[in-house]
Each structure stands twice: as structure tokens, then as C-alpha cells.
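Here's the letter readout for the chains.
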Amino acid sequence: MPPSALGVIDGGQRSGRAWLEELYAKYGGAVFGRCRFLLKNGHAAEDAMQDVFAKAIINERRFRGESSPLTWLLKIATHHCLNVLRGEKAAWHDQYEQAQVVRGEGHGGTEMLEARDVVQRSLKAFDLETQSAVVHYYLDEMTLEEVAALLERSVPTIRKRLRAFADQTSISLRDDVGAEP
Amino acid sequence: MSEHPSMLTLRRLHAGEAVGDEVQAHVALCPACAAKVHSFVAEQGELEQALPFERFAAGVKQRTARPVRRAVTVGLALAATLALVFAVSRSSETTTNRVKGGASVDLVVAGGGGQRQAAGEPEALAPGERVRVGLTAGVWRYAMVVSIDERGMVTPIYLENGRSLSVNGTAWLPDSLEFTGQGLERLVVVLSQSPLTLDTVSQAAKTAYDAAHGDVARMTDLELPGEQFQRTFLKP
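Sequence lines, in order, name chains A and B.
This note's numbering numbers the first residue of the first sequence as 1 and each following residue consecutively.
This note's numbering numbers the first residue of the second sequence as 1001 and each following residue consecutively.
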């Protein structure tokens, strides 16, 4: 197991504020970006981000044991925001036109922007597990195996979820998911 | 490295996590990746403008320092009188959740927007909405209802003197439940042939919570004798 990246962060709950400030500086932008992307609302994203970091502090022991705290935080943030959306039953996908301009994020240029666009507009039509898999696959650009490990599901299950998403949208899959056998 | 690192890898690099020398070398030579990493600095700047650390810290502190919430506000004083031989009329609109042994559990949500069956997983609650639990005991003689929140905190809801209630027949359990706080809370109904202690049920709930890695929505049945029914609620 790789060493915890948090090994470089002193403290934890015992040094409270300093630890939180370091978490904020290291991971705040990424978590806030994820929350804002999914919730499409800056104030809701702020709330969600605070919820996510509160979970990190409450689960400090586990959090500090993660080989990649960022990956853990993005998983929690994604899951939390998708649940918020389900709870609100918000027609957020219909409000796409009013949403802020999606900024470029990725090497694929226009292609990547389109992928984010499709993901953002299409998520609501899928179950929570597919939504989570899609976000980590397309936004985080995790591999099929990485997504499966993160969500604690089998590779075939995640492959099936991603293919279902790809089949119903115009978005393409990378080679690691591949064509139907 | 012939391919660009993933977005996650670049973010990890930016956060100071160990991603390997190869990635660092790639970024040093790849303008696209370098620009991407640089954009994370701007992203952090946006955050600090939108949510300065002081306000962020205050919000996190409020969430982590939240007092042990009364997960439910129910008339537990009535619990001691529960014999659960009931003649309570039941809504014809409810959909029963069958449990083995001829038992069933009904969960009805009521609030300003009327009444509905709790069928979502999770079931989202609006502010002020309360949950009523209906129970048909079937072959089971005892029942206990607890809830567990995202922090793994178990709250006893329906029990008697620290043990399962004696049940038979069909009834709505007394009063309704109002979940306070935020996030998810999982309601667990445990039916058994002999009374279980709260400690036993609480420990089993925490074990299931740990097995689900703190994700209450993914909790499986508690390791207890009898049958169970679970439903997750998303608190307003």
C-alpha cells in the first residue's frame, strides 16, 4: 500500500484548525469544483463542500489512512451531491441553458468539453451507481479498473453501467471499456 | 510517458500527493498538462473568493460540533404501554413492504405537502415532514426500531426498557418521527422471536455501518436473528 499522502500533514483533529486550513488549501478547489459542477449552484456547492470536509474530519482515522485523500474526497463529494440532487428532485438538467459556462478541463479540448456537457445534461436519467461511475470515468478520467475499485464494484458491473450510459448518449467510451465482446 | 496523465492524477500532483516521477516529468514537458495544473491554482483562488477559509471553517465546525441530535422526536413514554394489539385504521394508499414471516412494514411520510408512502432509496424528506411506522408482526414476537446516521451514530427509536418491544398484530407505532440534522439516516426495523438488547442491536448496526464504509445507504442486514427492514432517509 502506498504511504498516505496525509503523512505530510501534521495533526488531525487534535490540531484542528491548522489541519483544516491545510486540507482547504490542498483539496478545497477540487472539491468545490466538483460540487459546483454537479449542483450548478455556488451556494449549494459551498454547503456541500462543508458537508464533505465535515465528513473527512468526523472520519479522520479512515481519511488519514487513505493513500489518496483527494480521491476519497472526490468520491464523497460526488456521492453527496448526487444524493442532494436526488433529494431535491431538481430538474437541474433542464436548467442547463442557465448554467454557467462549462470551463475547459482536460486535454481533449472541444471533445472533453462535449463529454462534460453530455455528462452534466444526461446524468439524471440514470441510477446513482451509474451516475457515480460516469462522473469518475469522464470527469476524473479514471480507468475502468480504478472506478470499479473506488466504487467497490466489479469491473464487469462498472463496464455495464458505462456502456449503458454511452449507449443512451452521444458520448464515447475510451478503449479500456471497449466494444461489446 | 506517451499519454497524458488523467485529470485525477494531475489534481493529485497539484495537491502534493505521490504520483510518481514520471508524471512530474511529463508535466514539466507538456504545456497542456502544465496549463491544467496551473488552472487548479486559479480554481483554488475562485474558492477562496467565494468561500473564504474563515467562513468555510465556521461551517465545517458547525457541522462537526452538531450536538447529538434527537434523531427522532417521538412519544417514547408511550412505548412502555405498547402491546401492539391495534385497531388503528391504515391508509389505503400505503404500499406494504413485506418481510419474511408474514410481517410487513409501512412507512408513511406526512407534512405540508400531504401524505405519501416512503418508497425512495433514499427517501428525501422536506422540512417539517414526519415519518410514521406501521408494523404487522406476523410470526415475530418482538420488534426494535433504531436509526443510524452518516456518522455512525445509532439512535434508539422504538424499544422498551432497553430491549425489543413485545409485538403482535398490526399497528402504527405511536407518534411520528422527525429526523433532524442533515444528510442520510437509515431506519432499521428488527423483528425477532426473543427480545434483543439495545446494545446488541447498536453494535450490529455499527458493524454493518463499518462494513459499508460509512455509507448508510449501502448497509446490509444487521447480523442479528430474525428479520429486518431498512429504509434510508435524506434529511432536509
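Hints are supplied without guarantee of correctness; some may be wrong.
Stated by the list, open to error - To give an idea of the interface, some chain A residues facing chain B are shown, with a C-beta separation under 10 Å as derived from the structure: (1) Lys26; (2) Arg36; (3) Lys55; (4) Arg86; (5) Thr130; (6) Ile171.
Because the hints were derived from the structure by calculation, they are not lab data.
Since we're looking at a predicted model, the values are computed, not measured.
Every residue, glycine too, gets a C-beta built ideally from N, C-alpha and C.
Hint check:
1. The beta carbon of lysine 26 of chain A is positioned within 10 Å of a beta carbon in chain B (closest approach about 5 Å), and the interface hint is therefore held.
2. At a threshold of 10 Å, the smallest CB-CB gap from arginine 36 of chain A to chain B is about 9 Å, leaving the interface hint in force.
3. Taken as an interface hint, lysine 55 of chain A checks out: its beta carbon lies about 7 Å from the nearest beta carbon of chain B, inside 10 Å.
4. At its closest, the beta carbon of arginine 86 of chain A sits 7 Å from a beta carbon of chain B; the interface hint therefore holds under the 10 Å criterion.
5. With a cut of 10 Å, the hint placing threonine 130 of chain A at the interface with chain B is violated, because the nearest CB-to-CB distance is about 15 Å.
6. This hint is violated: isoleucine 171 of chain A has a C-beta 16 Å from the nearest C-beta of chain B, more than the 10 Å allowed.
Going through the hint list in order, the structure does not satisfy hints 5, 6.
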